[in-house]
Amino acid sequence: MSRPIRVLSLYEGFFAGGARILHSDLVAGLHASGRQEHAVLSIASAAVRESTVQSMDEDPRYRRLVSAGVGMTTLGRMAGVHPPERASFTDAELRIAADAVRSADVVLSLKEQPIGLLLALRDRDMMPDVPVAACLHRSDPLHSGPALGWLVEGAATGLVTATVSCAASTSDAYARVGVAAGNRSVIANGIDTARFRPGNIEEDRLTRERLGIPAGAPVVVYAARFDAMKDPGLFLRAVAAHAVRRPDCHYVLCGAGMTWDNEAFAALARESSVVPSARVHPMGIVDDMPALYRIADIVALTSAFGEASPLCLIEGAACGATPVTTDVGDAAARVEGIGVVTSHDASDIASSWCDVLGRRGELRAAALAARGRFGRERMIDGYRMVVEDLASVRTAEDVSLAG
Numbered sequence: 000m001s002r003p004i005r006v007l008s009l010y011e012g013f014f015a016g017g018a019r020i021l022h023s024d025l026v027a028g029l030h031a032s033g034r035q036e037h038a039v040l041s042i043a044s045a046a047v048r049e050s051t052v053q054s055m056d057e058d059p060r061y062r063r064l065v066s067a068g069v070g071m072t073t074l075g076r077m078a079g080v081h082p083p084e085r086a087s088f089t090d091a092e093l094r095i096a097a098d099a100v101r102s103a104d105v106v107l108s109l110k111e112q113p114i115g116l117l118l119a120l121r122d123r124d125m126m127p128d129v130p131v132a133a134c135l136h137r138s139d140p141l142h143s144g145p146a147l148g149w150l151v152e153g154a155a156t157g158l159v160t161a162t163v164s165c166a167a168s169t170s171d172a173y174a175r176v177g178v179a180a181g182n183r184s185v186i187a188n189g190i191d192t193a194r195f196r197p198g199n200i201e202e203d204r205l206t207r208e209r210l211g212i213p214a215g216a217p218v219v220v221y222a223a224r225f226d227a228m229k230d231p232g233l234f235l236r237a238v239a240a241h242a243v244r245r246p247d248c249h250y251v252l253c254g255a256g257m258t259w260d261n262e263a264f265a266a267l268a269r270e271s272s273v274v275p276s277a278r279v280h281p282m283g284i285v286d287d288m289p290a291l292y293r294i295a296d297i298v299a300l301t302s303a304f305g306e307a308s309p310l311c312l313i314e315g316a317a318c319g320a321t322p323v324t325t326d327v328g329d330a331a332a333r334v335e336g337i338g339v340v341t342s343h344d345a346s347d348i349a350s351s352w353c354d355v356l357g358r359r360g361e362l363r364a365a366a367l368a369a370r371g372r373f374g375r376e377r378m379i380d381g382y383r384m385v386v387e388d389l390a391s392v393r394t395a396e397d398v399s400l401a402g
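Mapped onto numbering that gives the first Met the number 0, the consecutive letters of the sequence shown carry residue numbers 0 to 402.
Read the hints as simulated data drawn from the structure, not as lab findings.
Note that the Cβ used here is the ideal one computed from N, Cα and C, for glycine as well.
Incorrect hints may appear among the rest.
[To be verified] Derived Cβ-Cβ restraints for the label pairs, each shown as a range: (1) SER391 <-> MET282: 38 to 48 Å; (2) THR89 <-> ALA331: 42 to 52 Å; (3) ALA277 <-> ALA155: 48 to 58 Å; (4) ARG2 <-> ASP128: 17 to 27 Å; (5) ASP354 <-> ALA239: 11 to 21 Å; (6) ALA365 <-> GLY75: 46 to 56 Å; (7) ASP388 <-> ASP247: 51 to 61 Å; (8) PRO145 <-> ALA179: 16 to 26 Å; (9) PRO246 <-> GLY68: 48 to 58 Å; (10) ALA216 <-> ASP90: 31 to 41 Å; (11) ASP171 <-> ARG204: 43 to 53 Å; (12) PRO145 <-> VAL243: 41 to 51 Å.
Can you make the complete structure from the sequences, with help from the hints?
This is the structure:
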């Protein structure tokens, strides 16, 4: 193929979340190479998630892709907790989608939710003959609702020709529930280590000053949306237990719904014996996470289920923070040698935080020494090869039909 390979990514919508951060970074990196020409079709142009309204136009991932020259199309829907049913798409929406898919050599579906749109196209004989890879980012597909059934059906009928999982736990979990795509790949997450890096004295001073955190005070950063999967209640109970032992420590909470204005968050905090104070900083959606990770001693994750290869752990570690996580997905493997794996008990988590703060110099050095394994170059190369393989199969089929 003499021209660049044309790749279309399908998004349910643009809203805060690790999978969207990762996939958008991936698309930007592949598009910049010049060997592939990327575009995005987003089903929604806005989303109501975690008690917040998030507009596509204001999303940092959307803005980055537009600035990188990635073509953008949207069906203009409002995303909610559940993805749109395949029968709900109008003829006008399906014509837009069919045109976008027809213009691509390969389609990448960000998670399984957009597969419903492709099935809707096929139901009405509007689905072009284009290979589709589902990019999977969960370790508990049974929590995906109807979208799991769409993916199983798509793989069984040949609509979905490949899956790319960000963790071995993800690939195995989807295989167990019947996702039988002909091509299965596992490509571990990677990050931009030029962006996620240790801070200098002045950068850290300014961030602490902005948040009202004294110089030298220990900092625990929690980057997660307000969702049962993340178990924010467990984190808050750990904060209550730890704050008694370390009255100098500050706790920074980032993610959609992590604000005192969210009544559900405020109620959960009260139940966990955490009250508004100068030491607790719920910040909601944050665009400049590296600045917060740079002042962190610990990056915490208390998820109950669903995680595959959590980005926050390696983002924090690349900035020098020590990951402390529950044992979900591939989290334990990702933090081996640089972090701590805990039980789902608040007291155990608080004790682990105390231990990490007591060994801060040693653990920070280990995290920084491991930066080389977190880079995104290997991830981008892996996806590039998957796309090229899918495109070459389609080209061979086209040549065979022409002959």
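We went through each hint and held it up to the structure:
1. SER391 <-> MET282: 38 to 48 Å: For SER391 and MET282 the Cβ distance comes to about 46 Å; the hint holds.
2. THR89 <-> ALA331: 42 to 52 Å: Given about 45 Å between the Cβ atoms, the range holds.
3. ALA277 <-> ALA155: 48 to 58 Å: holds, 56 Å
4. ARG2 <-> ASP128: 17 to 27 Å: The hinted range 17 to 27 Å holds for ARG2 and ASP128, with Cβ atoms some 19 Å apart.
5. ASP354 <-> ALA239: 11 to 21 Å: Holds, since ASP354 and ALA239 (Cβ atoms, about 18 Å apart) stay within the stated range.
6. ALA365 <-> GLY75: 46 to 56 Å: holds, 48 Å
7. ASP388 <-> ASP247: 51 to 61 Å: holds, 54 Å
8. PRO145 <-> ALA179: 16 to 26 Å: Distance hint for PRO145, ALA179 holds at roughly 18 Å.
9. PRO246 <-> GLY68: 48 to 58 Å: At 51 Å between Cβs, range holds.
10. ALA216 <-> ASP90: 31 to 41 Å: Cβ of ALA216 to Cβ of ASP90: about 59 Å, so the range 31 to 41 Å is violated.
11. ASP171 <-> ARG204: 43 to 53 Å: holds, 45 Å
12. PRO145 <-> VAL243: 41 to 51 Å: Holds: the Cβ-Cβ distance is about 45 Å, inside 41 to 51 Å.
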